[in-house]
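Enquirer: In case you want the letters, here they are:
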Amino acid sequence: MPIHEKSLIRPENLTEHEELMLDGVDVSGHWSTFIETRIVKDYNENLEEEIGALPGGENIHRCWQCGSCTNSCTVNAINPDFNPRYWIYLIRMGYESELLRDKDIIWQCVSCNKCTYACPRDVFPEGVMKATAHWLEKKGHTDKSPSTHFDEVFTEQIVKTGKIEESRTMRRFFGRTGQALVQPWIKVMVRRMLKGLPVGMLTRMGLATLVAPKTSDWSKASAAIQEYIDEQDEKHEQALSLAQLVETAKQDVAA
Amino acid sequence: MSTTKDKYKKVAYYPGCALEGSGHSYNRSTKAVGKALGLDLVEVKNWNCCGAMEVKNIDPKIQTYLSSRVMSTAANEMDMDVVMAPCNGCYHNLKKAEYDLKNDQDSVEVVDRLSKKAGHKTYEAGQVETIHALDWIRDAIGEEGLKARVKKSLEGIKVANYYGCMYTRPRHIFPEKDQGPGSESTSKPHFMDDLLAAAGAENVDFPLKTACCGGAHTLSDSETSTKLVLNILRAAKMSGADVIATECPTCHSGLEMHQIRAEEQYGEKVDIKILYFTQLLGMALGLKARKVGVHENISDSIRFLKEKGLG
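Protein sequence lines, in the order shown, are assigned to chains A and B.
When you line the first sequence up against my numbering, it's residues 1 to 255, in that order.
When you line the second sequence up against my numbering, it's residues 1 to 311, in that order.
Hint data in this document are derived by calculation from the structure and do not stem from the laboratory.
This structure is a prediction, so every number in the text was calculated from the model and none was measured.
Even for Gly, the Cβ is constructed at its ideal location relative to N, Cα and C.
Not one of these hints is a red herring.
Some chain A residues close to chain B (C-beta under 8 angstroms, calculated; not the full set):
hint: 1; residue: Thr74
hint: 2; residue: Gln108
hint: 3; residue: Phe150
hint: 4; residue: Asp151
hint: 5; residue: Thr155
hint: 6; residue: Glu166
hint: 7; residue: Met170
hint: 8; residue: Trp185
hint: 9; residue: Val188
hint: 10; residue: Met193
hint: 11; residue: Pro213
hint: 12; residue: Ala221
Produce the entire structure from the sequences given, and follow the hints as far as they go.
Expert: Printed below as a string of structure tokens:
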């Protein structure tokens, strides 16, 4: 059975008649299991092209569905619904509604690159996962994932200062995702961490939270990077026709 | 006449952001080991972040630029041939930038444009060789050299060598690996095993050497990370190890944090010590536990090390 047909055998697509006679034969119950007929009308023919236009998605067209990515996947081993091969298939088919069923887990790729290592076609599935997660967010199908919030907080700090000071990144991340900073396990961890530390080290850590480490003479690099980010954002907006999307939404609201 | 070994005796040192924060004990132990072995580390001047996983997720070419700036400084301002990065993330990113600048014209153009605007020389592929701390000790000193310098053998310590993801994957950015005998293997890396064995440790047969700790989502998807870390801790324990030796600050703190989180959230305590390989090597070279920053680790290994006659 082709893998996209998996949707046909979901419980909601199966029917059974409790009592049914066919040509004088009793096929009641399991003997009369039918798959509901269905017509797919919502193919998005631009899906592959759109995801291919985002960083990481460039090589999606090379996939020949061998399944090495899913086979080697770290996350698949703990959640069988996490299936890069299947998603790449759906994207190439343009089967958007089916892809959206998994929209809330695609961002969970841990970038271990086992798939990229295993892929015989240089699809870079890890990059495709990132591109797909970004596509879902940009199109408004999902909110920004905690991972995207983290990436943004981190990148903002790099663009600003050239370096990362971890406790600042952590605080901002927890702030932006609305989580309490002092979770019970973090409390235990900090307590154990502080136990063994010498005073000099504590002072240094305290200072780092006040005066963030910086790369000096960074302002020109910072401006150049920011300019590049803005330029790319605009390019991606065009590739995904986001302006059109907003326009259509406005018309829908007006109507 | 200079030999290959001499090339690695004085290298540009790129600690990276994590080694100034959560991975400080890795920084400390790497420097201490270098000193004990008579190797010269010259820190890259005014370095910046390599771009890490996070900037790569926003845009891979910015990560390539950030890493290239570090290599440009080492090559053009410090006249160094070799950059040594102990952090797997930094090492990986410098290697990836090197690969991109050698093979992808778009990356070359973006890096050139950003470098000119930022006001420094554009890094060109091939100007420096990026190596990991494992390569550094192996190439500059070698297993035999290390064996000769061991003052306190690690005998009786059972080690699971944990390499993580970024040191070997994806393989195309590491052209020097998988080149037969003497080179590192991307499927079954062994450089850390070799060095620790030379220092007397007993390496256990550990199947999850290159498994993922979920470090990318340590905070953003803690549930997944805890599951992945638990796999690693349990497998190491079942392999008979006392210690997991690490070579990456993200893996190291991931293992330590989620060891605690597993205990707090699920009540599953896996009693295994977590130490940087440089901490173990440093102690084998006769350095005190404090000198290699064991007290700075979150997990407490001091009593265990004392029992083994170290530190």
